[in-house]
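2 protein chains.
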Amino acid sequence: MINYNEALEIIKHEIEKLTLHTEDIDILESYNRILAEDVVADVDLPPFDNSAVDGYVIKYSDRKEWKIIGEISAGNFSSFNLTENDAVLITTGSKLPSNADTVIPIEDVEVNSDLLKLKENVFFKKGMNIRTLGNDLKKNEIAVHRYTKNDAKTIAVLASCGKEKVKVFSKLKAAILATGDELIPINEKPAGDKLRVSNIYSLYAAIKEINHTVINLGFTKDDKEIITQKVKAALEMDIDLFITTGGVSVGKYDFLKDIFEEQGVKQKFWKVNIKPGKPIYFGVYEKDEKRILVFGLPGNPVSSLVNFYVFIKPAIEFLFKQDEIKNITATLQNDLKKKDGKRHFSRGILFEEKGEWKVTSEFSQSSGNLVEMSRANCLIEIEEERVNPKKGERLKCILI
Amino acid sequence: MINYNEALEIIKHEIEKLTLHTEDIDILESYNRILAEDVVADVDLPPFDNSAVDGYVIKYSDRKEWKIIGEISAGNFSSFNLTENDAVLITTGSKLPSNADTVIPIEDVEVNSDLLKLKENVFFKKGMNIRTLGNDLKKNEIAVHRYTKNDAKTIAVLASCGKEKVKVFSKLKAAILATGDELIPINEKPAGDKLRVSNIYSLYAAIKEINHTVINLGFTKDDKEIITQKVKAALEMDIDLFITTGGVSVGKYDFLKDIFEEQGVKQKFWKVNIKPGKPIYFGVYEKDEKRILVFGLPGNPVSSLVNFYVFIKPAIEFLFKQDEIKNITATLQNDLKKKDGKRHFSRGILFEEKGEWKVTSEFSQSSGNLVEMSRANCLIEIEEERVNPKKGERLKCILI
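Protein chains in written order, with our numbering: chain A, 1 to 400; chain B, 1 to 400.
What the hints contain is simulated information worked out from the structure, not anything from laboratory work.
A couple of the hints might just be wrong.
The list treats identical chains as one, so a pair stands whether inside a single copy or across any two.
To be verified - In silico SDA-like cross-links for lysine to any residue, where the CA-CA straight-line distance does not exceed 20 Å:
#1 K17 x Q229
#2 K354 x E393
#3 K396 x E353
#4 K149 x N211
#5 K167 x E188
#6 K396 x R146
#7 K266 x E6
#8 K171 x K257
#9 K165 x I186
#10 K358 x I325
#11 K354 x G392
#12 K354 x T331
#13 K224 x N76
#14 K342 x F123
#15 K165 x K189
#16 K171 x Y31
#17 K326 x T22
#18 K287 x I68
#19 K358 x N327
#20 K126 x S366
#21 K342 x I106
#22 K390 x D335
#23 K321 x R375
#24 K138 x R375
#25 K287 x D238
#26 K396 x N327
#27 K194 x D44
#28 K354 x G162
Given the sequences, and given the hints that come with them, work out the whole structure.
Written out as structure tokens, the structure is:
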């Protein structure tokens with residue numbers, strides 16, 4: 001059985017071979033989309049010398065008093081020709097008169113009718129409070145890099161660069177299918193050994209969370225004929241990922257692996273030395289130009305979601321070169337039991353206290369306990385060789 | 001001039017008076033929406049005793065060998081009546097036979113045809129690897145609390161509780177309007193003292209980021225008549241927040257404040273002792289049952305976005321009782337200049353290195369520098385009384 005790192009490397013190696021498509025979308029639709037182009041500044045930013053503060057613009061000399069001769073506000077430039085005697089009220093961002101060189105902040109002066117006087121003991125230096133043309137970015141320099149995930153800040157820059165339309169990577173398309181004789185629709189009440197299907201819902205949301213497209217194929221009983229038809233149909237779809245749950249473990253109804261093989265999916269691994277989620281299957285389907293990554297996750301709802309977070313999500317982030325903050329090292333607040341050589345992803349609650357990151361994990365860690373998992377905000381990663389981490393030890397926590 | 005904390009308290013006080021509406025939506029649409037009801041488990045979770053592992057279920061005795069008499073997989077329960085002599089293959093999550101009490105994991109046994117033998121030196125104890133009915137949550141207990149922001153984990157729990165439809169808080173509606181004689185559409189090239197309007201785009205994305213509804217009113221020149229009409233129209237809309245940029249500073253065209261007053265908006269504060277974003281205006285418009293919070297942000301694009309992040313976003317999070325991780329205390333990697341008594345929100349880059357959080361801030365901190373801001377991932381909060389924080393000092397960083 002392979003270890004976690006090996007498994008993740010195999011997935012990364014395969015996901016890199018996916019063909020990424022791009023599309024041009026309206027800037028207002030580009031929030032949370034990943035740029036597929038370097039966006040270059042088509043003008044200097046800012047495009048003219050301007051005032052960094054609300055204040056009075058002057059031509060510097062050793063004077064401490066001036067006569068106010070006018071006002072410049074943003075978008076209302078007047079080409080005053082200042083003498084050393086003159087001052088002009090100027091608002092933040094407004095263009096400077098050509099022979100002005102210094103702006104005194106409004107709080108550092110006294111104004112008496114049209115007379116301006118510098119206050120005592122304030123900072124006063126030639127050239128202060130001026131933002132020069134191109135100071136933020138020079139024309140033709142890269143303003144926002146390819147692979148940037150757009151947020152409010154980068155979208156402001158795209159707007160400043162005149163990008164009405166933005167080239168972004170198309171979302172990946174993932175189809176999800178749950179399998180299991182135990183599953184019933186969520187609007188039915190479970191009886192006997194039946195369970196409401198929750199995997200479809202959690203994976204649907206998890207894929208939305210990373211802003212890709214999800215096609216919900218629902219769920220099916222453990223009937224080899226029916227599942228075969230569903231898998232066949234899925235592999236004919238225009239998708240990048242096909243994610244199933246259930247049917248990859250040790251029971252006689254666990255025939256997903258066989259079905260994948262019969263349908264031409266090439267197995268890359270089955271079973272990883274982790275807990276929870278060990279039975280995970282990974283394969284690749286190729287036909288002509290088409291390439292689909294196939295993930296057979298265990299049917300257990302905690303396991304399938306943990307598998308998504310530790311295999312599929314990081315592989316997609318790797319593909320799109322995303323490096324947001326998603327791990328935090330924290331001090332364990334209670335002993336944890338872990339005696340095997342697997343990598344564990346235990347549910348925990350991460351919090352900062354007096355500048356120190358701490359993680360509690362009083363959970364049962366049962367992979368059946370969805371409610372418990374829903375109250376966690378991280379997975380505590382305990383590496384293979386690590387045994388029974390004790391209170392006070394430091395561990396990597398993955399935000400979920 | 002009031003301080004940051006006072007200003008934020010005033011906004012929180014006013015935002016709490018907004019009437020929150022709710023709506024029933026499909027569970028598949030509920031990702032990132034905030035629950036407006038406590039969701040109660042309508043069954044025990046899990047609804048039956050089941051196996052926590054793939055293994056063999058037995059009736060515990062001092063025996064170490066058993067005869068395999070059958071198999072139970074999830075959804076295919078058979079009511080075996082076990083003797084101490086018998087073992088049944090059972091997969092994770094499958095319902096236990098009624099007189100079984102112990103499950104031995106598959107890796108701890110040797111199987112020879114229908115003979116099962118416990119390996120040497122493995123953990124073996126009565127009752128092990130059983131998940132009992134209601135162990136995750138008892139029927140009628142709260143499964144997911146009101147004010148929870150739905151994610152993949154909580155949606156899995158909602159599904160398990162049979163919630164096809166979920167009651168969530170309706171999104172707030174915010175209208176945004178930029179003002180300024182300097183503004184031109186982003187598809188034009190700036191000349192003279194003109195600038196492309198970026199505020200509309202950044203605020204639009206920032207409101208999307210917190211998953212509320214945004215109505216884009218575009219931008220307008222500093223014409224009192226026109227702005228008055230736009231403000232009037234906005235205040236007649238069915239909105240919760242009205243956010244403008246520009247026109248709240250010291251220039252002769254800064255008449256937003258006057259217009260708000262003329263239109264019946266009650267000023268709560270104007271100007272806060274912070275940097276950047278000092279000129280921020282806040283007021284409330286009330287008419288009959290209607291209540292609109294009015295934010296006049298400065299026109300400067302960095303200032304307006306920082307204002308959004310430090311006033312509007314935390315107030316909305318407060319309203320919906322959200323407590324996600326959004327601040328990290330970090331060690332400053334370079335000296336910062338700050339001599340005044342304002343609260344500064346400086347742009348920084350936060351990262352973890354060997355388990356320690358660090359923040360660099362080599363930026364100019366000019367409120368004109370949008371590109372600089374777009375490369376930051378946090379705002380470093382420097383309190384009023386703090387002067388020139390030095391390399392090595394610890395500071396609160398707000399993730400942006």
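Violated hints - listed by number, lowest first: Hints 1, 6, 8, 17, 18, 28 not satisfied by this model.
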